[in-house]
Amino acid sequence: MTSESAPVTDLDGWDATLADAFAVLLGAEPVADPGAEYRVYYASDPLDEFLFPNPWATPEALAGREPRHLPDTDGPHPFSPWTWRFDLGGSLFRFDADLLAATGAWGDGGHKGPRPFDDAFVADLRAVATVGEDGEALVSGAELGPLLGRHGIDLTTGASEKLNGWLTVLLRVATDGTLIDAMRAATFTERGPAHLVSTDDLSGSDRVDGPWGDRLGAVTDPALRDHLRMLCRSEQAARSGGGFYYGTDGWPWSDLLEAVGCSPVAGWGFGESQAGTAVVRSPDAPGAPRG
Numbered sequence: 553m554t555s556e557s558a559p560v561t562d563l564d565g566w567d568a569t570l571a572d573a574f575a576v577l578l579g580a581e582p583v584a585d586p587g588a589e590y591r592v593y594y595a596s597d598p599l600d601e602f603l604f605p606n607p608w609a610t611p612e613a614l615a616g617r618e619p620r621h622l623p624d625t626d627g628p629h630p631f632s633p634w635t636w637r638f639d640l641g642g643s644l645f646r647f648d649a650d651l652l653a654a655t656g657a658w659g660d661g662g663h664k665g666p667r668p669f670d671d672a673f674v675a676d677l678r679a680v681a682t683v684g685e686d687g688e689a690l691v692s693g694a695e696l697g698p699l700l701g702r703h704g705i706d707l708t709t710g711a712s713e714k715l716n717g718w719l720t721v722l723l724r725v726a727t728d729g730t731l732i733d734a735m736r737a738a739t740f741t742e743r744g745p746a747h748l749v750s751t752d753d754l755s756g757s758d759r760v761d762g763p764w765g766d767r768l769g770a771v772t773d774p775a776l777r778d779h780l781r782m783l784c785r786s787e788q789a790a791r792s793g794g795g796f797y798y799g800t801d802g803w804p805w806s807d808l809l810e811a812v813g814c815s816p817v818a819g820w821g822f823g824e825s826q827a828g829t830a831v832v833r834s835p836d837a838p839g840a841p842r843g
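Letter by letter, the sequence shown follows residues 553 to 843 in the numbering used here.
No lab work stands behind these hints, which were simulated from the structure alone.
You may find that some hints are simply not true.
[Claimed, not checked] Label-pair distances were calculated between CB atoms; the ranges are:
| hint | residue 1 | residue 2 | range |
| --- | --- | --- | --- |
| 1 | A568 | D670 | 50 to 60 Å |
| 2 | P623 | A675 | 27 to 37 Å |
| 3 | T708 | G684 | 19 to 29 Å |
| 4 | D626 | H663 | 21 to 31 Å |
| 5 | G661 | E713 | 12 to 22 Å |
| 6 | E824 | D671 | 35 to 45 Å |
The structure presented is a predicted model; accordingly, all values stated were derived computationally and were not measured.
Ideal placement from N, C-alpha and C gives every residue a C-beta, glycine not left out.
Using the sequences plus the hints, can you model the full thing?
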């Protein structure tokens, strides 16, 4: 699976095959609203833990609108998120409340020591952020990038390492805004049938627990059916490989998406829920954050 492969827009009816399969995943009733925008986000606890310093976390890159591949931090494996291109400007960054307030582990009495930014940055951040009840601040990359440049904050050097674990990042996958393109990305089917994950790629992948083993029997393409079954394993089976399908319920990072007005369409978890992917419908309100 190479990260440089371009998405396939249609290949001998591939989109039609996918549309039928996605109808099985999403339910018999059509859910797509042609006037709505659909987005895909990827989140990971290890990503947050080892995010900084990072060569792409510059003001210019975060504020940019050109989709880009990010460095592969894991090495090739089935369902690798690093095959995607990401919209960093549309990605979401949540700053922890204690970090911003210099309380708890931060500040003169905390073991983390002083924050790597000052009160002026915090004030400017809160002015553009969605601020939670506990004081955390959620911003898009497009909002964060200019603030970093204006205040001279460099997230590409070792001084930023102590921020790891105190920012939660939801990377936005670059898609065209339609539901089918969002689902193609989220299910790792956007590069065509030659890039489907086979049952040989995952240990124990022949065993699919729960209702999806039966429901996905309605998918007529056998290779696609097996690929999707490995994304619909039980939570226990997904700990060792493949994914667990949440549907619209219980995605671990749902609170961040709800904070910017997104509503869930489909979600997946990987490993022991350390990572996940979500398809959401974007908010309809005028002036909604570019997330």
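Structure-based check of all given hints:
1. A568 with D670: 50 to 60 Å: For D670 against A568, whose Cβ atoms are near 55 Å apart, the range 50 to 60 Å holds.
2. P623 with A675: 27 to 37 Å: holds (33 Å)
3. T708 with G684: 19 to 29 Å: holds (28 Å)
4. D626 with H663: 21 to 31 Å: Hint holds: Cβ distance 30 Å, inside 21 to 31 Å.
5. G661 with E713: 12 to 22 Å: holds (21 Å)
6. E824 with D671: 35 to 45 Å: Since E824 and D671 have Cβ atoms about 38 Å apart, the given range 35 to 45 Å holds.
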